[in-house]
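For the record, the sequence lines run as chains A and B.
Going by our numbering, 292 is the number at position 292 of the first sequence; the sequence numbering is gapless.
Take the position in the second sequence, starting the count at 1, then add 1000; the result is the number in our numbering.
Note that these hints are calculated values from the structure, not bench results.
Computed from a predicted model, the values in this text were never measured in an experiment.
There could be a bad hint or two in this list.
Below are the PhoX-like pairs computed for lysine-lysine, each with C-alpha atoms no more than 25 Å apart in a straight line [unchecked claim]: (1) B:1100 - B:1273; (2) B:1126 - A:265; (3) B:1155 - A:27; (4) A:264 - B:1286; (5) A:264 - B:1155.
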Amino acid sequence: MSETKTPIIEIRDLSFAYPTDDGEAPKNALTNVNLSIEEGSFVSILGHNGSGKSTLAKMMSLILMPDSGSVWIDGKNMSAEDITEEDVLDARRKVGMVFQNPDNQIVATVVEEDVAFGPENLGLPSAEIRRRVDEALEMVGMTKYARHAPHNLSGGQKQRVAIAGIIAMRRRCIIFDESTAMLDPAGRREVMDTIERLNREENITVLHITHYMNEAVRADRVVVMDSGRILLDGTPSEVFSQPETLWNVRLDVPQTTELLYHMKKSGYNVRLDIFDPDECAEEIAAAIRSDRDAD
Amino acid sequence: MRKDSHGAKVPWHTTMAQVELKNVSFTYGDGGPYAVRALDDISITLGGSEMIGIMGHTGSGKSTLVQLLNGILKPSEGQVILDGTDIWENPKKIRDVRFKVGLVMQYPEYQLFDETVRDDIAFGPKNMGMTREEIETRVLEAARFARLDEGLLDKSPFELSGGQKRRAALAGVIAMRPELLVLDEPAAGLDPGGRLEILGSIKEYQKESGTSVIIVSHSMEDMAMYCDRVIVMASGRIMMDGTCADVFSQYDELLPVGLDVPQITHVAAALAKRGVDIGKDIYTVKYAAARLSEYAEEVRRRES
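If we strip away everything but chain B, and leave its shape as in the complex, we get (with noise of 0.2 Å):
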């Protein structure tokens, strides 16, 4: 976290970037015999400082969304718009969208290529031209953001397990200091600790930066612990965007495109249905149990 002269905490960015989608469709093998649409028509602004989780069934288009963000696909129709400007605007400077949108792909520990882990986090900065020293802070404060101890700079990435791995290639993205940082199921195959971690150090990263971070992920739980902001995608559109209590509380709708709710939440309408009414908006443990004390306690002082 950088300090301002009066020693207070800002965040590093102090206009926050905008993505908006405007009508974009998009078209894979477009004109040819075998074109699918992954996208249809779809409109939607991103950005704020929160975290925002993007969920669908597989095929639902969510992958193809997250590319089209910083410029790795090109809308079939329809334009995509950074901070006021259409990214596709310069072709040429699509370079620069994606040092502002940065992205964490699936498995990225697949990616990682240089010969130390401190070399292949300062890959992206010294792409961006930036001075040795410049480099070094940035790659000291990615590598806090996650959670990778010092020590293993110097090692190779090959030495490292496969959470270390992980978090190594996202503190490269980090290094960049992206305006919006999109990671595509970050948690993918890691043990519940595991998750914990690496989502804890994502949370944690967006709230000190103060920028907008998206998820995409299958875990209903890890979404209702985490984001602001639930967007769900179905067949190629945008079927819910609100926050995890206005999206958990249509399960209804979530069971028949591929998805589900917590299973928390599942217990909340159980016990609805039992008279203990605590309430649409469940979607965490803990908020659960702290809800049905405040309805114990209720019973017993009516009773009284």
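Extracted from the complex, chain A is given alone in its bound form (with noise of 0.2 Å):
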């Protein structure tokens, strides 16, 4: 194996402009975008609605098509002009979605079924079929309700069916569209330790478009985008010690940041980085009592 791994999805020089009506001038959604995404990896993309994160989404999964520049999928351009039909499929089966609205992308009347949908829709032997489903229920913890009714189910199990069902395709990546966007504080805990723990535990590399700052610190890599450009992307720490560039982008950061940087405003030496709030809590009296032992 080579020493450099071909990434999952790389993006290249990308830009696109929405379709508008005679004699409007077209906006650019995304403009000159760069980003690769290595497989494995976790990474959270933040942006202010129109800020060009969903477009971008839309190109990696192959529902939009860039302007100018291409999309690698697996180390094949995408944008290639000699790209058949079957090329887009095949890398479809590698990027998986999962949507904002629970109630939006569950088809099925019984839980199994619904995550043997996609696996039936492969022309799978019935018994893979089984061994997925079961497989890929145990891994998002919905076991239990494999014959339960989904519309009796929380919008985070609902969630989580979702999720079953694409990974019982065995796609390499997933990409969540604001996938916690609609569940209260426990269903997005549940989501949220479900997506970390397919990306630690299967490697499934992992894409979360989100406006929630406490779940972007969570990923490896945070790409933050605006105006269809991409304005920062490193780690949580990098990205999240700029508050004031963040603000500026109608964007937010962890209330533990925030705190911080009040405190560094009025004179503590403190990081910024820090999201925990144990940590937060530590740092805060450290730099208190050195405040005091100073005097």
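Take the two lone chains and join them into the complex the hints point to.
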């Protein structure tokens, strides 16, 4: 194997504008975007509404095609002239997507049948389908509900069923497009724990689009979009150490960082990149102690 | 804001609406084999010039509760009393209740239907039988509250951005000048900037109109920032009812019912464990920062 692994998704110099009515000037939704997603990584994508993050997700799942530039899936240029329908289908088998509204992505009346929907359409033998469905439900912690009706589940449970459906199709990369936006705090915790486990234990590449900053800090890498361009790209520590930049583009930082920022402004020597309440308290308590000792 | 003859600002409603739920229970599919009891013997009074937050896990009964307030649902047992009268005493008059209690549902932008934003906002006042001038006044007033640019009024609702559409839907309900405004998840799906904008305009509306506004939300941080009173629902019952300080200081009880407290409240608790006690009533970052500098000041004074 070579030193540099092929990225699962790569975006090269991509620009795109949605079609407009006659006479109206098109406005770019994405402008010269370059982004490389390593296999097995966990990347959060942040940006205000209209920043281009959903357009980017649609590019990566090949729902939209770029005006210029290219999208590479697993080393293959999907924007090349000679790409066939079979190539596109093949690439789509590598990247799955989970959407925002849990009620819009459940098709069957029994949980396990819903998870089996994808594998059935792949034309797999029934023993293999059975195996995959059981395994997928196990991975999202929904085995107990295999024979339940989806409409009686909570939002978080429905999202986990939707995730199981993607896993059963053996997707190597899953894009979550604001999949936690409509859930209550417990549902968000369930889904985030599931996403994290899939990434850590099953090595599934995760792209998580979210408006919740305390979800974003759980990723290895955070990409911030603004006006169709990548504004920041780094570890959660690197990105959230710049609260002012984020506030300027209508985003936020975790409350721990915001409090530390206030402390720093008042002259305390504290780090900003702390996202855990306990560590945050430790940092502040230490700063107050050393301030006292210095006097 | 209206002004009285001396030019002083007065709220719209000199008398405030009061809704009282008396021993209300609600069962979906009542009597059938799949009956589900969503609310169980609830008694509560809502009203007064304040912002009230209702929170609870999915299925806790909070959406059922708000739909009872303006007569979309009829209680299986008990009474809903608006300004002293049982709203179901005369079912033919239930329409009047809907003018008094405005309800903005989840994702209301999907309910815009008219050709222009102006006509859409005017729909409620028109149905209330107002004159053309009065309707125009109401539309402009509501658009201002919802922070909708006047230039947008003659556009089709479909030309607006997501955030603008939601604010247009909000304006449509405000235009009826409800005595009580109820919003189910008004900020769902919006980015942090959009949340600030819509919640800020709702709070401003609440203060200026002097009415009471109820918001249902999953966001503890939003509750903490905007609400004067918080009601916590769990399993069809009211579990807590009090100020933000009252409710969020009981976080040990909130976690088991699928809720949380703002992250900053956890930080304050962790600080207390380390001997930095800034109080149990910490639920906004601003307040935490202020209390911390007071604390540090105090420490310095004691040392010297």
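Status of each hint after checking the structure:
1. Distance restraint check for residue 1100 (chain B) and residue 1273 (chain B): the Cα-Cα separation of roughly 48 Å exceeds the 25 Å cut-off, and the hinted pair is therefore not satisfied.
2. With a CA separation close to 53 Å, the supplied pair residue 1126 (chain B) and residue 265 (chain A) exceeds the 25 Å bound.
3. Restraint check for residue 1155 (chain B) and residue 27 (chain A): the C-alpha separation of about 20 Å stays at or below 25 Å, so the hint holds.
4. Taken as a hint, the residue 264 (chain A) and residue 1286 (chain B) pair is honoured in the structure, with Cα atoms around 14 Å apart against an allowance of 25 Å.
5. Proposed proximity of residue 264 (chain A) and residue 1155 (chain B) is contradicted: the alpha carbons are some 47 Å apart, above 25 Å.
Checked against the numbered hints given earlier, this structure breaks hints 1, 2 and 5; the rest are met.
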